[in-house]
Amino acid sequence: MTTDAPGNCSQRLRWFSDLGFGLFIHWSMDSQLGAVIGHSMAGASRHYLQRFIDDLPATFYPKKFDPQQWAILAKLAGVRYVVFTTKHHSGFCMFHTETTPFSLANTPYDGDITAEVIEAFRQHGIAIGLYFSPDDFYFLHGKGLPVRRGVRPEECAGLLDYNQAQLRELLTQYGKIDILFFDGHSDGLREVCWEMDPDIVVTRGAMPTPEQQIPGIQSTEPWEACVTMGTGWQYKPTNEQYKTGTQLIELLIETRAKGGNLLLNVGPKPDGELPIEQEALLREMALWNFVNGEAIHGVRPWRIPNEGDVWFTAAKDEGAVYACIEGETPWPQGGRRELCLSSVRAGEHTTVHVLGQADDLLAADGPAIEWRQEQDHLQIRVARMQRLYNNRRWPNPVVLKITDAHLGQIPPSVVTGLAHVDDDAPGCRLHGRLADLGEGDAVEVGFEFRLRKLLTESADAWQQSERQNLQSTGDVSAYVSDLQPGSVYEFRLFAQHRAVVVYGEHVTFRTPESGTE
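Position 48 (the sequence shown) corresponds to 48 in my numbering; numbering is contiguous.
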């Protein structure tokens with residue numbers, strides 16, 4: 001008799017994908033220092049470690065901690081699940097535990113922060129997720145081992161039993177837990193979760209969870225992008241640069257258009273309040289969500305993620321497509337824009353609405369929204385009429401709901417290959433494959449490349465290789481030169497037929513440290 005290997009339940013994975021938007025909360029007692037959470041212990045002197053472990057907990061007293069306020073704000077912003085750092089790499093437990101004195105029990109704070117977070121978010125219908133680090137610097141230090149990431153259980157006697165005991169505490173003391181995020185080697189821990197509750201969804205450790213980046217292509221398999229509002233995970237009082245609210249909303253839209261969930265991080269101050277910059281960004285997202293949230297939750301990817309500045313999600317049950325219109329400049333009240341969509345075709349009963357806006361409004365030049373199906377594209381003229389800001393200018397995406405939506409033009413399909421670096425020249429040959437012509441007899445293909453940047457940095461604009469006109473599928477390559485030595489680049493293959501452009505996955509390569517001798 002054979003049994004299936006433990007893993008995430010397919011029904012629960014569909015439930016997870018429907019949530020769409022989560023709130024990551026990085027918070028521990030070293031928020032008092034404004035340092036990267038936990039990591040400052042790695043490579044630290046013995047004196048630093050002694051003060052971190054023995055002295056720092058004594059000054060952690062979050063007197064302004066109010067998880068109800070966190071939960072209310074999260075719900076307004078459209079958050080459907082929360083992931084709280086119960087134990088980060090330092091090993092400090094933000095919950096009551098019998099396994100170690102390195103926990104809240106040895107701080108001036110009397111309560112159980114994990115319990116209070118769970119209770120508050122649960123009251124507001126937000127699913128509960130816990131972050132847990134199998135790395136434990138306190139435990140390693142106590143064993144006389146070097147403090148570093150990635151220590152496997154077999155390299156440290158007792159570590160797996162220690163982590164399993166803490167995990168069992170978390171899964172028995174706080175009611176039903178929906179999601180677990182393991183930031184480290186999770187063999188022997190995932191299985192404990194599924195043994196205790198088969199409905200638990202394990203994210204990191206069982207599905208892709210890219211940090212500070214969004215994958216280049218859609219996926220029908222669940223994934224989750226973990227993104228900070230600024231550059232740090234934990235509270236960073238100085239030297240911080242935040243994204244704009246518009247950037248965060250657009251990241252949420254892109255993630256959903258590509259089939260993933262966005263786990264957006266906040267880092268509370270040591271006194272328990274959210275930094276005002278982070279609260280303000282969540283409130284900007286709350287206004288956008290109040291108008292447009294149905295385009296984010298319970299949706300699936302459309303045939304392609306976007307046509308230029310228009311990104312798509314699709315309702316999973318009712319045959320509707322949401323077209324999220326982005327733009328570089330604010331959209332003035334009463335101003336009109338025109339769209340020409342090739343991947344969406346109107347049906348006999350199609351309607352087009354602006355989310356949040358009445359359907360019978362008139363702009364200066366006619367009805368606020370007009371549309372018609374041409375032979376190969378859907379033409380839409382739309383005026384934004386709702387006043388959301390005092391200055392009557394709206395910087396964030398406007399969303400159209402297109403009902404009775406049908407598949408339009410079949411796009412080409414491409415696969416990004418590998419890069420072959422020339423060690424003796426400052427160039428590289430990029431490879432890929434045109435997998436399908438779609439509806440076209442011929443398509444233009446080419447490569448785009450740029451220095452690789454995370455979302456914590458300003459990305460350079462894509463540069464293009466020369467385009468090729470292809471009339472059949474097959475391998476494609478192009479040589480690009482004048483690359484910076486010793487740098488990491490990313491590239492992707494693209495194909496264009498008429499107005500539709502499709503892209504392959506982003507692939508990275510590193511150039512040699514020096515060029516020709």
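Source of the hints: derived by calculation from the structure; they are not laboratory data.
None of these values were measured; they are calculated from a predicted model.
For every residue, glycine included, the Cβ atom is placed at its ideal position computed from N, Cα and C.
There's no promise every hint is true.
[Said to hold, decoys possible] The calculated lysine-lysine pairs, modelled on DSSO-like cross-linking and capped at a C-alpha distance of 30 Å, are:
#	residue 1	residue 2
1	Lys401	Lys75
2	Lys63	Lys258
3	Lys258	Lys143
[Said to hold, decoys possible] Listed next, with one range per pair, are the computed distances between beta-carbon atoms:
#	residue 1	residue 2	range
4	Glu439	His297	31 to 41 Å
5	Gly43	Thr403	25 to 35 Å
6	Asp187	Lys453	27 to 37 Å
7	Thr59	Asp317	16 to 26 Å
8	Thr473	Arg337	34 to 44 Å
9	Thr403	Thr473	33 to 43 Å
10	Arg429	Asp55	54 to 64 Å
Hint by hint, here is what the structure shows:
1. Lys401 with Lys75: holds (23 Å)
2. Lys63 with Lys258: violated (41 Å)
3. Lys258 with Lys143: The given pair, whose Cα atoms are some 44 Å apart, is violated under the 30 Å limit.
4. Glu439 with His297: 31 to 41 Å: holds (32 Å)
5. Gly43 with Thr403: 25 to 35 Å: violated (57 Å)
6. Asp187 with Lys453: 27 to 37 Å: holds (32 Å)
7. Thr59 with Asp317: 16 to 26 Å: Given range 16 to 26 Å: violated, Cβ gap about 52 Å.
8. Thr473 with Arg337: 34 to 44 Å: Roughly 36 Å apart at Cβ, these two residues keep to the hinted range, so it holds.
9. Thr403 with Thr473: 33 to 43 Å: Holds: the Cβ-Cβ distance is about 35 Å, inside 33 to 43 Å.
10. Arg429 with Asp55: 54 to 64 Å: With a Cβ separation near 56 Å, Arg429 and Asp55 satisfy 54 to 64 Å, so the hint holds.
Hint compliance for this structure: hints 2, 3, 5 and 7 are not met, and every other hint is.
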